[in-house]
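Visitor: Sequence:
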Amino acid sequence: MKQFLAVFTGSDSGPNAQKWNALSESDRNKRVREGMQGWGQWMKEHQKSIVFNGAPLGKTKLVSMTGLSDIKNMMSAFVVVQADSQEQAVTMFLKHPHFTIFPGDGVEVMECMPVPKT
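Numbering (our numbering), first residue to last: 44 to 161.
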């Protein structure tokens, strides 16, 4: 089986975040509870395909030839799954609570390629 990195994306200023921020604190807390329950259910349903549970992601620093800098990106969490194909892998994330309950924008799924042999 192939392995796939799934990166959960979201924006602080996009339409999903704006709708989320417009919720009352009570409604937001309710959605958080529902979302965490949904996320746990998703993990349970796909436990045989999950290679690494992943984690939420924090602030980003860029290291380059010019040095270090603080940057923003849309990555908010990740998980590694296994599947026979990318098409099979992406179906695991249809209707994921990241964007059906939480204000996430989507999930980017890419194959983890083997390291070339020298």
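Rather than coming from a laboratory, the hints here were simulated on the basis of the structure. Careful: at least some of the hints might be erroneous.
Distance windows between CB atoms, simulated [said to hold, decoys possible]:
#, residue 1, residue 2, range
1, Lys45, Asn96, 36 to 46 Å
2, Gly149, Val106, 38 to 48 Å
3, Glu68, Leu100, 23 to 33 Å
4, Lys160, Glu77, 41 to 51 Å
5, Glu88, Asp113, 35 to 45 Å
6, Asn116, Gln61, 37 to 47 Å
7, Glu68, Ser107, 13 to 23 Å
For each residue, glycine too, the CB sits at the ideal point set by N, CA and C.
Visitor: Take the hints in turn and mark each one as holding or not.
Guide: Against the structure, the hints come out as follows:
For Lys45 paired with Asn96, a C-beta distance near 18 Å fails the hint of 36 to 46 Å. Taking 38 to 48 Å as the suggested C-beta distance range, the pair Gly149 and Val106 does not conform, at roughly 27 Å. The supplied range of 23 to 33 Å is met by Glu68 and Leu100, whose beta-carbon atoms lie about 25 Å from each other. One distance hint, 41 to 51 Å for the beta-carbon pair Lys160 and Glu77, holds here, with the actual separation near 47 Å.
The beta-carbon spacing between Glu88 and Asp113, approximately 37 Å, falls within the hinted interval of 35 to 45 Å. Taking 37 to 47 Å as the suggested C-beta distance range, the pair Asn116 and Gln61 does not conform, at roughly 19 Å. A C-beta distance of roughly 40 Å is found between Glu68 and Ser107, which places it outside the suggested range of 13 to 23 Å.
Violated hints for the displayed structure, listed by number in ascending order: 1, 2, 6, 7.
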